[in-house]
Structures are given as C-alpha cells and as structure tokens.
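Asks: What follows is the residue order along each chain.
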Amino acid sequence: MVELYVLLVAMLAAAIVAIETKELLAAIVAMGIVGFSVAIGFIMVQAPDLAIVQIVVEILAVVFFAAVVLRTTSKDTTVQIRVTPVMIFPTIVYGCFALLFAVLVVLAFRELPSFGSPLMRVASDYIAVGMKQTGAANLVTSVILDFRAYDTLGEAVVLFTAVVGVLTVVRQFGKKEQLDKADKEQ
Amino acid sequence: MKGMSAIVQTVSRLVAGMLFLFGCYIILHGHLTPGGGFAGGVIVAAAFILQSLAFGSVEATEQHRYTFTSVFESMGGLGFVLIGFIGYAAGHEFLRNVWASFGEPLRLVSAGTIPLANIAIGMKVGAGLFAIFLALGASRFKMKD
Amino acid sequence: MVPFLACVLLFLFGLYAVLLKRNIIKIIIGFSIMEYAVNLFFAFAGFKRGALAPIITEVGVVKDFVDPLPQALVLTSIVIALATTALMLAMAMRIYEKYKTFDITEIRRLKG
Amino acid sequence: MQDTNFVPMLVAVPLLGAFLIPLLSKLWKGFADLVGNLVGVILLGFAIYGVVTLSTGTPGIVYKMGGWLPPVGITLVYDSLAALVVLVINLVALPALLFSTRYLDPYTGRWKYYTLFMLLLAGLNGIAISGDMFNMFVFIEISAVASYALVAFGTGAEELEAGFKYMVMGEVGGLSLLFAIAMLYAKTSTLNMADMSQALASMGHTPFFWFVLATLLVGFAIKMAMVPFHSWLPDAHLSAPAPVSAMLSGVFVKVLGIYAMARVVFNVFGLSRPTAPGFFNMLVGFGLVSILVGGLLAINQKNYKRLLAYSTVSQIGYILLGFGIGNYWGVVGALFHVIGHAATKGLLFLASRSIERATGSRELGEIGGLEKSMPVTAWSYILGTMSLAGAPPFAGFISKLLIILGAVASKMYWLAIVAALFSTVTLGYLVRVISKVFIGRKDVVPTPAAESPPMILLALIMLVAIALVFGVAFQPVLDNIVQPAAEALFGGLAYARLVLGG
Chain B
1 MVELYVLLVA
11 MLAAAIVAIE
21 TKELLAAIVA
31 MGIVGFSVAI
41 GFIMVQAPDL
51 AIVQIVVEIL
61 AVVFFAAVVL
71 RTTSKDTTVQ
81 IRVTPVMIFP
91 TIVYGCFALL
101 FAVLVVLAFR
111 ELPSFGSPLM
121 RVASDYIAVG
131 MKQTGAANLV
141 TSVILDFRAY
151 DTLGEAVVLF
161 TAVVGVLTVV
171 RQFGKKEQLD
181 KADKEQ
Chain Y
1 MKGMSAIVQT
11 VSRLVAGMLF
21 LFGCYIILHG
31 HLTPGGGFAG
41 GVIVAAAFIL
51 QSLAFGSVEA
61 TEQHRYTFTS
71 VFESMGGLGF
81 VLIGFIGYAA
91 GHEFLRNVWA
101 SFGEPLRLVS
111 AGTIPLANIA
121 IGMKVGAGLF
131 AIFLALGASR
141 FKMKD
Chain D
1 MVPFLACVLL
11 FLFGLYAVLL
21 KRNIIKIIIG
31 FSIMEYAVNL
41 FFAFAGFKRG
51 ALAPIITEVG
61 VVKDFVDPLP
71 QALVLTSIVI
81 ALATTALMLA
91 MAMRIYEKYK
101 TFDITEIRRL
111 KG
Chain C
1 MQDTNFVPML
11 VAVPLLGAFL
21 IPLLSKLWKG
31 FADLVGNLVG
41 VILLGFAIYG
51 VVTLSTGTPG
61 IVYKMGGWLP
71 PVGITLVYDS
81 LAALVVLVIN
91 LVALPALLFS
101 TRYLDPYTGR
111 WKYYTLFMLL
121 LAGLNGIAIS
131 GDMFNMFVFI
141 EISAVASYAL
151 VAFGTGAEEL
161 EAGFKYMVMG
171 EVGGLSLLFA
181 IAMLYAKTST
191 LNMADMSQAL
201 ASMGHTPFFW
211 FVLATLLVGF
221 AIKMAMVPFH
231 SWLPDAHLSA
241 PAPVSAMLSG
251 VFVKVLGIYA
261 MARVVFNVFG
271 LSRPTAPGFF
281 NMLVGFGLVS
291 ILVGGLLAIN
301 QKNYKRLLAY
311 STVSQIGYIL
321 LGFGIGNYWG
331 VVGALFHVIG
341 HAATKGLLFL
351 ASRSIERATG
361 SRELGEIGGL
371 EKSMPVTAWS
381 YILGTMSLAG
391 APPFAGFISK
401 LLIILGAVAS
411 KMYWLAIVAA
421 LFSTVTLGYL
431 VRVISKVFIG
441 RKDVVPTPAA
451 ESPPMILLAL
461 IMLVAIALVF
471 GVAFQPVLDN
481 IVQPAAEALF
491 GGLAYARLVL
501 GG
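Chains as they are written, first to last, in the numbering used here: chain B, 1 to 186; chain Y, 1 to 145; chain D, 1 to 112; chain C, 1 to 502.
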C-alpha cells in the first residue's frame, strides 16, 4: 500500500498549504486538493460509496467557500510576527507538550489492531445476514437504511437543522424595528 | 445574479439535464450499486446549482425557487419519518423494514423500504443543499424575515 | 499504525489552524481539515487488506468483504461536516457584513 | 399503547413538529406557536408517563430500534437515569415554549425559531435515551447546531459574534468526541454502549483506555462549560433570546455535558472511586476550580445575564464535585442538583428578561422597587434567587446538603467545609441583586413597569412550582426518581446486563 503513504504525504502537504497561504482563494483550492485526495484514499481503502459522496460534497464545499469569499474579500489578514528572543520559552513549552502528546498517541495507538486487519465483530453479522434480511445488495446501504436507519434519520435532521440555521442567520433584519425602519426608507 | 459567458451557458444547458438524471439514477439504485440517497441528492443539488450559476436569476425567481426547495426538503424529511412510522404501524418497532422480502434480490424493486428511504433522503439532501446555496452565495435578494 | 498516525497529524494541523489562525475563513478551513482527518481515520479502521468493496454481486455468495459499518458512519459524518461548514460560512458572511473584517481579534464588541 | 412504544416517540414527535412547521406556517401565522406548545405538552406527558412506568418496578426499557438485537442494531435504553434527564429537559422546555409565545414579538422569523426549538428538543431527548455511542454523537450534533443558530437568532453584530465563537468551541468539542468514538470503534469494533463496556472491561486500564477517556472528557468539558472552556457561556447568554438561554444553561449544559459524561464514565468505561481514585480526585479538583472561578467572576458583574451565566459555571462545578466524590450520596446530590438548578436557572433567566422587557434597562442598578408594580415577576425572581443560593425550602438547598453529606460520608471533611463556604459565595452575589433591584429603597422612585403578559406569568409560576415541589416534597422525588437514577449509574457494568441480558 505504498500509494496510500504517498497520498497521505501529499494530503499533509496540501493541508499545510491550505492553512498557511495568504490568499484565501488559494487556501480554498488547497483545501479542495485535500478533500479530493481523501476521496482517492477512500477508493484505495475499498470504499466506493464514500468516494462518490466525498467527491461531490467536496465540489459543493468549494462552491460554498468561493461564494462567500467572492462576496466579501479574498485577502487574508496579514500579521507580522516579530520573532523576539523572549518567544523561545513559549515555543519550548509548546514543544514538550507536543512531544508528550506524540509519545502518548504512539503508546495508545500501538494497542489498536494493525492497519488492514480490523476485528470485525459486529460487521461480520452485517455481511453474513445483510443480504437475506434486508434484501439490499449494497451492504453499506443496508447498514445505513436498515440496521442503523436511526442514525441516518438523525443525520438527515442535522442537515435540516443546518439549512434552517443558515436561513435564520442569513436574514437581514433579526428584529422587527429594523424591518420597519428599512420599509420606511424604501 | 448575472449569468456567465455564452459558452458556459450552452455547456451547462446540455450538462444540467444529464447531471440531474445521473443523480436520480444514483438515488434509485442506491441499494444495488455504490451511492444512494446522499450521493444522489448532492449530485441533484449540483445540477440545480450549475443551472442557477450559469444562467443567473432574477430576484423574483429566486424567491419562488427558495420556497419550492424548502417545501421539497420538508417533504423529504417527513417521508423518512413516515417510513419509520410504517414499521410502527405494522406492530413492529420504529423504523422496521417491513417489506424486506418483497421483490427478488438484485432487482430494482427489492429490499423493502430501503429504496423509499433512499428517495426521501435524496429529496431532502438535494433540496437542502440547494437552499443553502441560495441563501449563501447566489442570491442578491435580501431575505427579509 | 502509520496511516492512523497520519490521520492524527492531519487532525492536529486542522486544530492548529482553528486555534491560532486569525482569519475566520482559515478557521473554517481548519475545521474542514479536521473533519477529513476523522473521516479518513474511520475508513482506515474498517479497511481489510485484500478484501473487496461490500457490494454483493451474486445472491447468496458472500466473498471476503471490507467492514461496512465505518463506511456507514463516514457517510453520516461527511454530511454533518458539510452542514456545520455551511452554517459557519453563513455566519462568517454575515459577520463580514457587520464588522467589515474577517480578523477574529478585531471582532471584539462583546467584553470578557 | 404498550408501555415501551413511547420511547422513540420522544424523538419522533418533535421531529414531526419540526418538519410540519416550515410547511404550514406560511399558510397560517399562529401555526408555529400552536405546534410548538402542543409538542412541549406531549413530551412532558411522555416524560411523566415514563417516570411512572419505571417507578412501578421495571428496571429499564430496552427498545430495539428497527427490530434488530443490541449489538447489531441501535438500541434505545430508557433506564431511570435517562428518565430523570428526559424529565428535566421537558420540565424546563414547556415553560420556555410558553414564555417564547409572547417574548418573540420584537423578533422576525418566528417559524424558524420554533423549528429550531423543536429540533433542539429532539436532539436533547435523543441523547438522553440513546444507547449507542455514534448515535449519541449524532444527536449531540443536532442539538448543538440548533443551539448555535438559536444563539445567533437576533442577527445583530453581538449575536453573530457570540454565535460564531460558541460554534467554534462547540465544534472543537464535537470533533474531539467523534475522534474518540472513531478510536473506540477501531479498538472494540462495536458501537453499542453495553457491548463496548464489556469489551473495555476486559481490556483493563491501559494507556489507550486513558487516552480515549481524556479525548472524550475534553469534548464533554467544552459542552459542559467547565472552567478552562467556559468562555463561550457568558457571551452566548448575553445575546441569546431569554427562553434559549434558559434552555442553554438550564438543560443543554447538563444533558450534553454532565449526563453524557456520567453515562460514559460510569456505565461505558465502568470507573468507580475504589477502582480509579486518581480520576475521581481530578473530577473533584475540576469541580472546585469551576465553583471558585465561576463564583469570583460572578461577584463583580453588573450585567445580570453575565452574572447568571457565571453562576451556571459554578453550579456545574457543584455537580462535578458531587460526581467526583463518587460515593452514593455524592452522586444522588449531584443528580438532585441537576433538577434543582435546571428549574431555578431557567426561572431566573426568564424572570430577569421579563423585567428587562418591562423596565427597558439592562443594568442591575437602576431597576428599583419593582415589588409593587410587577408583583408576580418580582416575587418569582426573588424565590428563584433564594433557591439558587440554597435557601431551605427549595431544591437548591437539598442538593447542596446532599453533596456535603456525600463529602462527609467519604471522610473528606475539608471538602464539605469548602463546599459549604462556596455556597455562601453564591449567596453573596445574589443577595446584592435582590436588595438593589427589589426592596423599594426610599430615595429611588419605583420605575414605572407594567406586569408582564399572562402567558409569561404562567411560565414563571410553573417554574417556581417545580423548584418548590422538588424542594418541599424531596423525599418522594428522591425515592422514585433520583435514587434509582443513582443506582443505574452506580451499577456501572450492570448497565450491560440490562441491555444485552434483557
């Protein structure tokens, strides 16, 4: 799986570019690169469902980001950090925190099952019984819409909440007196 | 929202219909091939977004379009909850796939309520994301309330 | 083990952007990157070397399939990620209309 | 209706309401209010029905969603702890809904408010009854996204800023929860809480165990507004509409933070004071820090919305203290404080906002001598303040007493003294509010204030009644609501036998 490691390195590089560039549109494009390489990663990991959804959702995410940035400004807030000698101490503190965290993560992840050999305790039931009991050939869809349909109901509600939330936040006049004032001006 | 150049308009006139059809295909065949309600819904939303980006739209049509999408979205959500109530009405638990053995496997008409749920999810995701696009970027009209 | 660590590293990149970047759009990009990292971690947790995608082609024949459960969870969390990103973008757009800047340190009307 | 079929209705009914409101409210303006309050009444009915069915002996209802057995499908677990939390949610939600029928007049977008409120209720109920880790995360996302939009409901400059900052912190918490669930799935390969607790029990306290628990606790601490992560709560309260902040600090912080943490720590990770004393001492430490910081910050606050927000932070510290003590009476005191504080804080927020609406001034100082002009609102505010400070006839007193009793029972006398001392701090910043605002001083001419509309009074009276009933009739409340809930928590891995064995 060498190609997966190459993909991961490319993804990390694109993420660094996305975070550090000064130009917002460039940052959005870099984020798009990370998103599409995640989609390629899904294909490498034998997850076609996820690859389709990730590609299309990534397109929409870039469209939404571009819509907002084009309506406002695409200049990042430039900040000059004067590197002063006194800054050594906080960086040392952050450094050893990061080191401690890295050691802890490696210790914890050693106990995870190795990459590529999942212990599929519950999933083996889905595979064995999936076709007979739900009738769906695509086991992922049978998990989503039958075994764990309640999750998908919850998820559809999250999207519905977000849509109503966006409509609440976008409305121009939250309070009635602003509305009346605006009507009087027109 | 002003539209784009003539080239983009002609291309999108051809592609938008195909994209919408492809989205519906993904939704309907969710239980047979990869994809499903989510992927298909997002593709349908992309078709509408392509159309409204390429051709621009007068303020009136956006208000009409927005109310249409919110009706569609609520119907998608209601559809999914009603599918849950089907199991409930049939005496079993909530969200039970009651007609699981209906139709023979690997055919379009199979797997009981899963295709119906796929359609409901596809409607909801498609309409919802298009409503977000209308609210976020494209629309010049100010939503008063 | 290495792919899992790469996911954690990507997650930390996103967290760095969220906590330390001053531009709101960069913060939202940081959240998207964190969500990509978690989705990737789920997909890697379900990968089985040499197994096939979990689509049954002939009735009754069950081949060596990948774990379908994390794929179902990732489908849910991808759309949750898009929903929260859209809400954040809507707020960012409205904040820009009110404050005329994306710099979070200048948006300071609330005290303390 | 069989006695188990009401469990999914706790989520399905508000969802139906949320989907119907946008459809029909364009045809008929009053539709949103009607559906909102109707759903509130139905949910409260279900909650009380649930508590009654549980008190008649059934240990807990395990509802297999979609008819699948526990480890394969999602199960809803409605044990006495979930019954308590669902009761708290709907006891505060109904008055908040009644209050918002009159409070929303100056706001536009009325149907959006009620749709988001229905979704918030569906999310909170979904968390309380969920027996599946990822499912609990999805419902945490629902209630979180709904509360972000509700906080920024007024779309003014401050509201948007507060909403955005709250969303950034809340999403960092949500993502750390998701990351922890991903690691838990990779290790135990199951998502059902009961199944996972058995897998974790056989694994023992390895570095992975503590790392995953730490990631989960970071997420819950942010949602709980514990001290290092409390900065979003005061800003959110300053800009949210009154019923939203009543729900936010009364219920939201408790369900997403306290209940989810207790369920995970006690039932899924199976920790208890004898097996992991270090962890529980850390909880006590965080509790004390929260009480201290919340109390001190609240003292010199002039704006009473911020004052109430900081007092929420310190009351959350009390609940954490109760859990940190870890013995039976400490946990009972903490759970009782969940009920008492929810009703009291909801009451205080609603009363203070109706005063602000009537007198038009936000700062504490200028509102003098209101007793005569707005008797009901004034008295409900005073009773609420007394309950918060822990005066005898109210729920606040009983819960603080139980927590101190728990500290004494576990031989931590210094802790009992510190807890008692800090409750005087809360009394300190509240008495100043009462004296300045209400007892008519000679030199201040009572500001002209009309009594608030009847629907708002009904909401206030309901909340006062709840605080009083739980305070005076605390013995029956203890027996069939709080103590079984504590036993459900204390059972630790008995939760797995209830779900898998049942």
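Worth flagging that the hints you see were computed from the coordinates, not collected in a lab.
Be a bit skeptical, because a hint or two may be false.
Unchecked claim - Here are the simulated DSSO-like cross-link-like pairs (lysine-lysine), alpha carbons at most 30 Å apart as the crow flies:
no.	chain 1	residue 1	chain 2	residue 2
1	D	100	C	26
2	D	100	B	132
3	B	184	C	29
4	B	22	D	48
5	C	165	B	22
6	C	302	B	175
7	D	48	B	175
8	C	411	B	184
9	C	165	B	176
10	D	63	B	181
11	B	132	D	48
12	D	98	C	302
13	D	48	D	63
14	D	63	B	184
15	B	176	C	411
16	B	176	D	100
17	B	75	B	132
18	C	165	B	175
19	D	98	C	411
20	D	100	B	181
21	C	26	B	181
22	B	176	D	98
23	C	302	C	165
24	D	48	B	75
Asks: Are the Cα atoms of residue 411 of chain C and residue 184 of chain B separated by 30 Å or less?
Replies: violated, 70 Å
Asks: Just to be careful, I want the Cα atoms of residue 100 of chain D and residue 26 of chain C compared with a cutoff of 30 Å; is the pair within it?
Replies: violated, 34 Å
Asks: Mind checking the alpha carbons of residue 176 of chain B and residue 98 of chain D for me, to see if they're no more than 30 Å apart?
Replies: holds, 18 Å
Asks: Holds or violated: are the alpha carbons of residue 176 of chain B and residue 411 of chain C at most 30 Å from each other?
Replies: violated, 58 Å
Asks: Would you mind confirming whether the straight-line C-alpha gap from residue 100 of chain D to residue 181 of chain B stays at or under 30 Å?
Replies: holds, 22 Å
Asks: Could you grab the alpha-carbon distance between residue 184 of chain B and residue 29 of chain C and see if it respects the 30 Å cut-off?
Replies: holds, 23 Å
Asks: Hinted pair, alpha-carbon criterion (30 Å max): residue 176 of chain B, residue 100 of chain D. Please report holds or violated.
Replies: Holds. Residue 176 of chain B to residue 100 of chain D sits at ~24 Å (cutoff 30 Å).
Asks: Would the hint linking residue 26 of chain C and residue 181 of chain B be met if the CA-CA limit is 30 Å?
Replies: holds, 23 Å
Asks: With the threshold set at 30 Å, check whether the alpha-carbon distance from residue 48 of chain D to residue 75 of chain B stays at or below it.
Replies: Violated, at about 44 Å.
Asks: Residue 165 of chain C and residue 175 of chain B: Cα distance at most 30 Å?
Replies: Distance ~21 Å between residue 165 of chain C and residue 175 of chain B Cα, so the pair holds.
Asks: Against the 30 Å threshold, does the CA-CA distance of residue 302 of chain C and residue 165 of chain C hold or violate the hint?
Replies: holds, 22 Å
Asks: For a C-alpha distance cap of 30 Å, please report whether residue 100 of chain D and residue 132 of chain B respect it.
Replies: Given pair residue 100 of chain D, residue 132 of chain B is violated - Cα atoms ~59 Å apart, limit 30 Å.
When each numbered hint is compared with the structure, violations occur for hints 1, 2, 4, 7, 8, 10, 14, 15, 17, 19 and 24.
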